[in-house]
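So the chains spell out like this:
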Amino acid sequence: MFHWLEQRPFFFAVFVFVFVAFAGIIEIIPDFAKQSRPVVGTKPYSVLELTGRHVYIQDSCNACHSQLIRPFKSETDRYGMYSLSGEYAYDRPFLWGSKRTGPDLMRVGNYRTTDWHENHMLDPQSVVPGSIMPAYKHMFTNIADIETAYAEAYTVKTVFATPYDQDIDGDGEIDVPLGTLEEAKASALKEAQAIAADMKNQAVKDAVANGQVPEIVALIAYLNSLK
Amino acid sequence: MQNGAQIEYDYSVAKAFTFSTILFGIIGMVIGVVLAFQMAYPELNYLAGEYGTFSRLRPLHTNGVAFGFCLSGIFATWYYVAQRVLKVSLKESPFLMGVAKLHFILYFITILLAVVTLFMGITTSKEYAELEWPLDLLVVVWWVLWGISIFGLIGIRRERTLYISIWYYIASFLTVAMLYLFNNMEVPTALVSGYGDWYHSVSMYAGSNDALVEWWYGHNAVGFVFTVPIIAMIYYFLPKESGQNVYSYKLSILAFWGLLFVYLWAGGHHLIYSTVPDWMQTMGSVMSVILILPSWGSAINMLLTMKGEWQQLQTNPLIKFMILASTFYMLSTIEGPIQSIKSVNAIAHFTDWIPGHVHDGTLGWVVFMIMAAVFHMVPRMYKRELYSKSMMDTQFWLQTTAIVLYFTSMWIAGITQGMMWRAYDEYGSLVYSFIDTVNVLHPYYVIRAIGGLLYLVGVFMFAYNIYKTATAGRILDKEPANATPMAA
Numbered sequence: 001m002f003h004w005l006e007q008r009p010f011f012f013a014v015f016v017f018v019f020v021a022f023a024g025i026i027e028i029i030p031d032f033a034k035q036s037r038p039v040v041g042t043k044p045y046s047v048l049e050l051t052g053r054h055v056y057i058q059d060s061c062n063a064c065h066s067q068l069i070r071p072f073k074s075e076t077d078r079y080g081m082y083s084l085s086g087e088y089a090y091d092r093p094f095l096w097g098s099k100r101t102g103p104d105l106m107r108v109g110n111y112r113t114t115d116w117h118e119n120h121m122l123d124p125q126s127v128v129p130g131s132i133m134p135a136y137k138h139m140f141t142n143i144a145d146i147e148t149a150y151a152e153a154y155t156v157k158t159v160f161a162t163p164y165d166q167d168i169d170g171d172g173e174i175d176v177p178l179g180t181l182e183e184a185k186a187s188a189l190k191e192a193q194a195i196a197a198d199m200k201n202q203a204v205k206d207a208v209a210n211g212q213v214p215e216i217v218a219l220i221a222y223l224n225s226l227k
Numbered sequence: 001m002q003n004g005a006q007i008e009y010d011y012s013v014a015k016a017f018t019f020s021t022i023l024f025g026i027i028g029m030v031i032g033v034v035l036a037f038q039m040a041y042p043e044l045n046y047l048a049g050e051y052g053t054f055s056r057l058r059p060l061h062t063n064g065v066a067f068g069f070c071l072s073g074i075f076a077t078w079y080y081v082a083q084r085v086l087k088v089s090l091k092e093s094p095f096l097m098g099v100a101k102l103h104f105i106l107y108f109i110t111i112l113l114a115v116v117t118l119f120m121g122i123t124t125s126k127e128y129a130e131l132e133w134p135l136d137l138l139v140v141v142w143w144v145l146w147g148i149s150i151f152g153l154i155g156i157r158r159e160r161t162l163y164i165s166i167w168y169y170i171a172s173f174l175t176v177a178m179l180y181l182f183n184n185m186e187v188p189t190a191l192v193s194g195y196g197d198w199y200h201s202v203s204m205y206a207g208s209n210d211a212l213v214e215w216w217y218g219h220n221a222v223g224f225v226f227t228v229p230i231i232a233m234i235y236y237f238l239p240k241e242s243g244q245n246v247y248s249y250k251l252s253i254l255a256f257w258g259l260l261f262v263y264l265w266a267g268g269h270h271l272i273y274s275t276v277p278d279w280m281q282t283m284g285s286v287m288s289v290i291l292i293l294p295s296w297g298s299a300i301n302m303l304l305t306m307k308g309e310w311q312q313l314q315t316n317p318l319i320k321f322m323i324l325a326s327t328f329y330m331l332s333t334i335e336g337p338i339q340s341i342k343s344v345n346a347i348a349h350f351t352d353w354i355p356g357h358v359h360d361g362t363l364g365w366v367v368f369m370i371m372a373a374v375f376h377m378v379p380r381m382y383k384r385e386l387y388s389k390s391m392m393d394t395q396f397w398l399q400t401t402a403i404v405l406y407f408t409s410m411w412i413a414g415i416t417q418g419m420m421w422r423a424y425d426e427y428g429s430l431v432y433s434f435i436d437t438v439n440v441l442h443p444y445y446v447i448r449a450i451g452g453l454l455y456l457v458g459v460f461m462f463a464y465n466i467y468k469t470a471t472a473g474r475i476l477d478k479e480p481a482n483a484t485p486m487a488a
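Chains as they are written, first to last, in full-length UniProt numbering: chain A, 1 to 227; chain B, 1 to 488.
Hints in this document: simulated from the structure, not taken from any laboratory.
All the given hints hold, so there is nothing to weed out.
Okay, the calculated beta carbon distance ranges per label pair:
# : chain 1 : residue 1 : chain 2 : residue 2 : range
1 : B       : L112      : A       : V18       : 33 to 43 angstroms
2 : B       : G52       : A       : D115      : 22 to 32 angstroms
3 : B       : T408      : A       : A186      : 54 to 64 angstroms
Pairs of lysine-lysine, BS3-like flavour, derived with a Cα cap of 30 angstroms:
#  : chain 1 : residue 1 : chain 2 : residue 2
4  : B       : K478      : B       : K87
5  : B       : K15       : B       : K383
6  : B       : K91       : B       : K383
7  : A       : K185      : A       : K137
8  : B       : K91       : B       : K15
9  : B       : K383      : B       : K478
10 : B       : K342      : A       : K73
11 : A       : K99       : B       : K342
12 : B       : K342      : A       : K227
Every residue, glycine too, gets a C-beta built ideally from N, C-alpha and C.
Build the full structure now, drawing on both the sequences and the hints.
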C-alpha cells in the first residue's frame, strides 16, 4: 500500500495531511469553549494597562519572565496562588513565557510597588544586587502609544465580546469603561497621574503633567494590575 | 529527452538559497553569541541602546537561525535534490523557474523586514511566530510558491516513484502550512477600530487556548522545520556521499509514517503543570516518549547505511559531519522525551536545560546536516573541488568541542537551577531567593558563551571554505560519482 502511495503524489499528500492533522483535531477543539471562561473577579485590562502590556511585549520581557505559577509548594510559597485557566481569559496573547531567567510575574502586583518597579527598570542592580537584567532607561523618555491600545480594546470588545463598558460583578456600576478614544485617553491620563504621583523621576512627572504618558508609567500600571 | 541522456540541472535558485543560508547563519549565530555573553556579562546589553538588550535580540536570534538560516538551507537543498531525484530540470519549465525565483526574492525580503521589525520591537510575542500580520501574509505567499514548486516539479517528473526525501519535504510543506495558518490567526486592530498602528493585531485565541495553539504550533513548527526536512537531507546526501544504499526501506516507511502520526501530540509537553487540561498534558508526555521510536528509526537507518563502510569516516570529513548529526539527533530525541516525563519536567521546565536541549539538537543535528549538504552541493553546483579538507576537519573538531561545552554547561545549569528553586530547609522555608539561583549560574554562562564563540569560529571557517571553493577551487571535469573530491 505504501508503495502504491509513493507513486501517487496527490493521495500521498492527502494521507500525510490526515496523519498529521488528527492529533490537532482531537487535542485542541474539545476544550476550547471551557478554557475561555473567566474566573469570577477577572476583569479586562484598562487602556493604560493594555498600553503597558504592549510595552512589555515590545521589549520581550516574556523572554526572561514567566507568568505561570505551577502548582508546586515551592512556587506558591515564592509567587503566590497557582495559576487558574480562567484568570487568563482576557489575555491576548498569553504571556506564560518558556524560560525563567528572572522570577515569575503572574502576581507581581501583590508584592512590588510602583516605586520598586521604577528603580528596577532604571537600574535593576540597585534593587536586586547581582541581577543580570538590563536597564530599560528608554522607557522613561519614550512616549507610550495609547491609541493602539485603545484600538485593541475596542477590537476585543467588538469582535470577542470582551466585557468593556459592562457591569461584570453586578454591583450596578460599569467595571472597566472604554468609551470613545477621547474618553479613554482622558481616563488613561488620570490613571497615569496617580502612578506618576508615586514616582521620583522628574522628567516622567513633567511629561504626565503635560498630558503625555511615558512608557514606564504604562508598564507600571500593567505590572501593578498583575495580581 | 532520451532515457539515459544527461539532464542539465539548473542551480541558480539553489545557489541563491545557499548564499542566504550562509548569510543568515552568520547573522543569526553572531547574535546568539552576543546573547550568550550578555547573560554572563550584563554590561554588554548597552552596545546599541534600546536595540541591543537581550530581550530585543532574543527573537532576532531564534528567527534568524530558524527562518533565516535553516529555511534557506531547506530551500537550497530542495532546489538541488528535487531536480535530481525527480529527474527533471527547472530549465524545462519557465513557469516553475519563475515561481522558484519569486520564491527566493519574496523570502529574502521577508527575512530582511523581519529583522527590521523585530529590532523595532514589533512582535506578537509568541515564540517562533513573532512576526506581525503583514509579514505573516508575505510568508503565506512564498510558502504557497514553495508548494507550487514542490507539486509542480513532482507533476513533470520522469521518475515514477517518489524518493524518501521527497516524502519528507511534502510533509514539511503541508504541516507547517497548517500550523502556521492556525497559530497566526489574528485580527488587525486598526482595521476594526480605525485607530492606532496599522500593523498591530490581536490574537484570535485567549489565555490557555492561545497557549495551546501556540505550543501545538511552536513544538511542531520546530519539528517540521528542524527535524523533518533535515531527515529529507540526510536520506539524500548520506547515501550519495558514501555510495551506500539506504539500509532498510521498511524502516524508512515505518519511521516516516510513525513520525507523522505521533509528532503533533508532543506539543503538549510544553504545557505540563500549566492550566491546560491534565489529559492533554499526559498525552503530550506519553506521545513524546513514543516519539523515540520513529526518531531513532531514521537515525539508526542512517547509521546502518554505513555498515561495512565505516573506514570512510577516516577519509571523508563530510561523512563525519553527517554521522555526528545522526548521533546528535539520537541524543536530542532521547533527551526531549526525558524532559517530557512529568517529574523531570517539574525540574527542567523554565530552566537553562531547555535551551541546552534545543541547542544540542540545532547545533549538532540541524546545522551540521545543513553544512554537510552545502559541502556536498557546492562542488557539484560550481563544478569545483572543495577548497580545503584539513580546514573542514579542523572545523568539525572545533564545533564538536563547542557543542559539548554548550550542552554540558546548560545541563548542569538547568538542573542546578531547578533544584535550587525547590530547595527547602529543615524549618520548611525556601532556602534560596531567586537571585541566588541566578548568581550561581555565572560560570556555566561563561562556558556556554565560549562554546558558542568556538562554534561561530567554525561557521566562519565553513563560509570561507565554501567561498574559496566557489571562486578558487580546482575545476572538476566531471561530476564525482559519490565522495566529494577535496583539496588537502
